[in-house]
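Just so you know, the sequences run in chain order L and F.
Residue 1 is where the first sequence starts when you use UniProt numbering, and the numbers rise one by one after that.
Residue 1 is where the second sequence starts when you use UniProt numbering, and the numbers rise one by one after that.
Hints were generated in silico from the structure; no laboratory data involved.
Worth double-checking, as some hints may not be accurate.
Any copy will do: because identical chains look the same in the list, a pair fits if it lies in one copy or spans two.
To be verified - Under the rule of at most 25 Å between Cα atoms (straight-line distance), these lysine to any residue pairs were calculated in the SDA-like manner:
id, residue 1, residue 2
1, Lys13, Pro124
2, Lys59, His214
3, Lys406, Glu562
4, Lys607, Thr464
5, Lys111, Tyr127
6, Lys59, Arg248
7, Lys518, Ala498
8, Lys63, Leu7
9, Lys590, Arg251
10, Lys59, Asn680
11, Lys13, Ala623
12, Lys475, Thr365
Number of protein chains: 2
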Amino acid sequence: MEGVDHLAHERNKSEFDVDAMKIVWAGSPHAFDVSDRISKLVASDPGFRKDNRSTLSRKELFKNTLRKAAYAWKTIVDLRLSEEEAAKLRFYVDEPAFTDLHWGMFIPAIKGQGTEEQQQKWLPLAYKMQIIGCYAQTELGHGSNVQGLETTATFDPQTDEFIIHSPTLTSSKWWPGGLGKVATHAIAYARLIVGGREHGVNGFIVQLRSLEDHSPLLGITVGDIGMKFGNGAYNTMDNGVLRFDHVRIPRNQMLMRCAQYTCLCMPSDAKLILEPCILIRFWTSTAVCICVYCSHVMVLGRGSRLLGPWGGKTDFVYSQWSAVCGGPVGANGKVVLVVTCEGKYKQSDVPRQLVYGTMVYVRQTIVADASCALSRAVCIATRYSAVRRQFGSQNGGPETQVIDYKTQQSRLFPLLASAYAFRFIGEWLKWLYADVTQRLQANDFSTLPEAHACTAGLKSLTTTATADGIEECRKLCGGHGYLCSSGLPELFAVYVPACTYEGDNTVLLLQVARFLMKTVSQLGSSKKPVGTIAYMTRVEHLMQCRCGVQRGFAELSVDLVEAAVAHCQLIVVSKFIEKLQQEIPGKGVKQQLEVLCNIYALFLLHKHQGDFLSTGCITPKHAALANDELRSLYSQVRPNAIALVDAFNYTDHYLGSILGCYDGNVYPKLYEAAWKDPLNESVVPDGYHQYIRPLLKQEIRTARL
Amino acid sequence: MEGVDHLAHERNKSEFDVDAMKIVWAGSPHAFDVSDRISKLVASDPGFRKDNRSTLSRKELFKNTLRKAAYAWKTIVDLRLSEEEAAKLRFYVDEPAFTDLHWGMFIPAIKGQGTEEQQQKWLPLAYKMQIIGCYAQTELGHGSNVQGLETTATFDPQTDEFIIHSPTLTSSKWWPGGLGKVATHAIAYARLIVGGREHGVNGFIVQLRSLEDHSPLLGITVGDIGMKFGNGAYNTMDNGVLRFDHVRIPRNQMLMRCAQYTCLCMPSDAKLILEPCILIRFWTSTAVCICVYCSHVMVLGRGSRLLGPWGGKTDFVYSQWSAVCGGPVGANGKVVLVVTCEGKYKQSDVPRQLVYGTMVYVRQTIVADASCALSRAVCIATRYSAVRRQFGSQNGGPETQVIDYKTQQSRLFPLLASAYAFRFIGEWLKWLYADVTQRLQANDFSTLPEAHACTAGLKSLTTTATADGIEECRKLCGGHGYLCSSGLPELFAVYVPACTYEGDNTVLLLQVARFLMKTVSQLGSSKKPVGTIAYMTRVEHLMQCRCGVQRGFAELSVDLVEAAVAHCQLIVVSKFIEKLQQEIPGKGVKQQLEVLCNIYALFLLHKHQGDFLSTGCITPKHAALANDELRSLYSQVRPNAIALVDAFNYTDHYLGSILGCYDGNVYPKLYEAAWKDPLNESVVPDGYHQYIRPLLKQEIRTARL
């Protein structure tokens, strides 16, 4: 049956232009072209095969990932791939590796937080991979609470060095990817201590391993933290543990783009170097400055004055800064200013976009990844639901396709709609990032708090829904979904940490809730809500009528989290609707998207009907009508289901699932794959003579076990 | 800090007698004693350690399981453990193995479905493990739809044999545990074909492997189906694939306790052997009889008469049977009757309890297992939530325990309540099984349909909630929950198949829904609903008022499934309340259980408030009050949380989780465990010279990858 398309009858049913939908999904013809080309390149290269991943031992698995990472780099170099293409290649190789952190965290941290000189020194090494970096922030005892990190960096003026130290067991760095066995360098976050005083958490470039023989340097204890959830999955990554025993690094390895110096010793004629930038972190309310000349470190507290021997030129008053930097910041939030020798402040070249912007950027990427992961799972479950038949044979004819059961549709199609919804909200967040960046450059900070709340909330919403959705898809594949060859167990295991990293999902929702409460409290003021919270002006009256909160924020946090979710869902639905107000070319494409949008919205209404009913937004009759409509929408999506997942344009390699294979030829492939398990290398299993035969031969009492 | 109880302050807070609660949880002092003794025996024996499971390759893992299974058997034999103790030992060894199917399916199938002679021949061999059996029902193409199984068993009168054959690829047996590499025999289910006619699915004892060298017998193709979800988890089990190529077995290896013979050739004086039983399966509407004398097989269709040469004595009319056998049966349902030589029918000794009874029994076990799995996860998450601190440090004091956050409580405590609720519903189902068995013996079939619906629905409800609950507990442990050393990834992976096996959860809910609809339709008749559906008589009027169904069952199946869930939740809540109406000794024990019962009920009300509101059962004000009450209940449970999970009496070995360890000394244990990963065997990882160094040394273009 090789070459036969077992899903052809399904594809023939579809009522829209699949190729046009592929462009909509990809975002643009260019994006489609790059993805299509690179995904096929990866799929056709046996060097990137991944179907054996689940059977390998940890060491084999890890070694194989090292090989693939090197091979990917070689491919990128050999084919002279562009940066965009190289990133896509790593994406389609679809295997977590130390390179993710090197490219995704280490290099951006130096670019964002390093001085010009630091960038000039470190970036060329990193770009060529002459050094390999990781990002060592989280510790055994502290994750969400970055302010609580315990690692210390004590400045030693005698030697002009920082002493990086892990004072407690819980201060051990724990989780950083690439740290365990590979990285030669780390950006390590530590509490800066100068002259016995603590000055908040800063980043330091620390070499971990010898560039000659890869052995850990003096004072460095480093290793892998052990197995994680799932077969293959994130076990290809060497998430690491790291302890510092008084490790000394030169002063210029503190990331100083945002934490530079000016000093009382400074010569009054040093005009050129009197435009450093000074870091303010909200949680310390201090600025740390280190002099390039004498290495003197000084700390500015709130209200302190920067009065130097150069005669009062730097009469900058710190208390002014915080007025400028108003607005909510996340745990990692930093606001960066430059203070000139005249004592005037101005934004530095990189400033806030380095802060909010980076957060908006990273979280937009996570939302985009959510739509990728969910769409993969949905593609697998949809295709298999069309292949699988069970019950309902009439007169010896074929049984009913599982996808035709209403119970299956009601679980599968909302997830299909969610995949599209998340794709579009990710696209919108990309736009939001560009918009925020542009505004910041024009000194317009007005949309910042809202943008921050958007990204935090949508990161939480989409990752939670995706993790749950992948597992639901696995269950929708029945027993066979439990096999690794279905691809779904690994997809789930590799995806779920997204609910925790870059902000725990519950912590993020509480941030959104705080923002919403603040907005509500200001409704009466002149500060009008903008963007995604503009709708609040319409419920202002209502808010005033009902406001009778008699308990604290923490006490009501459970309800506030629910409110935050509702707010985020509103954004998703609104942006989906806005997307449909654009022109979308291709026969029937817009109609299909309209059906999916309605499914998404009505499914939510059904799921949360208690909230709608208790607030009087709808009546029970409305709820029943919505339910009827939902049922009818499922019937409309049914003939287009396969084409709607084809539009994701995933190769069988990327999908990594026999159940989801394009041609639907599931059973022969499952059967063949089974024989590849290492257990099948021998007919009689290893251990038969020691452990099975003594049972059968009644010799167990004398057996050596 | 060895020996220090880091959770002592939590334990001191508790307001009830934990030892008394342990008895309540175990079910009786005797049950507590056996569990306590055996779990400690297993925990203290290094032969049963399991902490290295996740790092082993498939082959190592499997071989290690073979060793443990043999070692467990040796322990049972050496210590002369009772059957109860032996079962507990296997439970606490906590590792899926081929022995599960041997003891749990193969032996019961022979006991239940084998004739006296078959039992006498096979059971002693099985009890001593001189043969090892598995249960080969599911095929690649058919799971839920047992009637659709494709394997054939064709009777060859010439040789007095059955020819077992796999006619298609999809007829390959697929999933049976123990089949892949170990079992010497299988109960294989196949369509019986006699004289060219099909007569439904029957079980056959088929030898698979040589008892001398373990090689597969002629015509048998057998192997492992490959890796499944998770590290360790079910990969210790050799779920297998099996194809038959015209494999011949003697006629007396068809399981015939329920499918025996009477024949036209039968001598009229053969009185004693004229009390065989005859199998009727609903899906074939035929009975198959095989003569012990001449091996003649005859098939009785509906209405056929059993008229033998012995003069019309067996004037039994088949059509009568189905009247007797009325009532719903599951996919596997069989109703067994005995026909005497006089032609009268009567129940056989084993009959329906072999059918419903076994189903009630197996599913009651699954519900009991659900409470075990969920309580393990809850125990881990609760203890770790008391150990973990994050944010909220005041004046340099300790940070807030995560368990004190309301958002954490609102997710964790309903699961704690669910664990207890499921424990008690499992206990009640055990009673129901005993009750049903007793009634059947007294020819009282009245409670059968209700008992069947109960067990089907509660199996579905508890396994779904448990699978979701384990994953929720993992998320409640933050990042560290993603480590295998937390125990939660493996617990989840090993648990989730419970949602699929022994009846897919959605298929089961549809059965419950069908039963509910049937009950409603009969409300006006004289047939009054009993037991858990007795409440329907109270809503009879309501039902008549609103009944306006204009669509088919399938069309409304989504709503019907929701109704079935609601019905099952009502049972759980009612039985929890009934439990509390009993006397429960121990200081404060009953009070704690009352709090948990209220949490369980009000959490459900909150979750499903849409249904309560839209049906007018509650007002929005009620909903808000319930929410307030829930918040207050969480505060009441808080000081008792650790003691409530201590009451499960789990050893650290059984929990298998560093995060959940009894003494709360989490961080040092996590740190130590990390170094045991195979990747840490060498400081410089295998693969450095081939794949890392060429990167660092800029030699990638010439590297051999």
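Hint check results:
1. Lys13 - Pro124: neither (54 Å within a copy, 59 Å between copies)
2. Lys59 - His214: For Lys59 and His214, the Cα distance is within 25 Å only inside one copy (18 Å; across copies 31 Å).
3. Lys406 - Glu562: Only across copies: Lys406 and Glu562 sit 13 Å apart there, 29 Å inside one copy, limit 25 Å.
4. Lys607 - Thr464: both (15 Å within a copy, 18 Å between copies)
5. Lys111 - Tyr127: Intra 11 Å, inter 70 Å, cutoff 25 Å: intra-copy only.
6. Lys59 - Arg248: Close neither inside one copy (32 Å) nor across copies (46 Å); limit 25 Å.
7. Lys518 - Ala498: neither (28 Å within a copy, 46 Å between copies)
8. Lys63 - Leu7: Cα proximity of Lys63 and Leu7: none, with 38 Å in one copy and 41 Å across.
9. Lys590 - Arg251: neither (58 Å within a copy, 64 Å between copies)
10. Lys59 - Asn680: Cα proximity of Lys59 and Asn680: in one copy and across copies (21 Å, 10 Å).
11. Lys13 - Ala623: Result: close neither inside a copy nor across copies, 31 Å intra and 46 Å inter.
12. Lys475 - Thr365: between (27 Å within a copy, 22 Å between copies)
Figure legend: structure checked against the earlier numbered hints; hints not met, in rising order: 1, 6, 7, 8, 9, 11.
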